[in-house]
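**Student:** Can you build the whole structure from these sequences, using the hints too?
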Amino acid sequence: TITAESYSNKLEVQQSTLVNRKGLIILHDNVRPHVASRTIQKLHQLGVEILPHLPYSPDLSPTDSHFFRSLDNFLT
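When we follow this note's numbering, the leftmost residue of the sequence shown carries the number 16, and every step to the right adds one.
I should point out that these hints are in silico values taken from the structure, not numbers from a laboratory.
Computed cross-link-like contacts, EDC-like style, restricted to lysine to aspartate or glutamate with a CA-CA straight-line distance of at most 16 Å:
| id | residue 1 | residue 2 |
| --- | --- | --- |
| 1 | Lys57 | Glu20 |
| 2 | Lys37 | Glu64 |
| 3 | Lys57 | Glu27 |
**Tutor:** Okay, here's the thing in structure tokens:
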């Protein structure tokens, strides 16, 4: 089982890889280890931008997410 503590520890181990990447963005789903305050604090400490994951809704199409919004706007 992954906990916020184990996930934060994994981020700590990967810190040198994460810090050296320019413009790193992580898209997390909304599972507890990803949205825990400990995890968020660690990612902010590493300078990683976090995109919030949209909650599940049958009314939303995949193009409603961050990556496809500009494409969706272009097509409409």
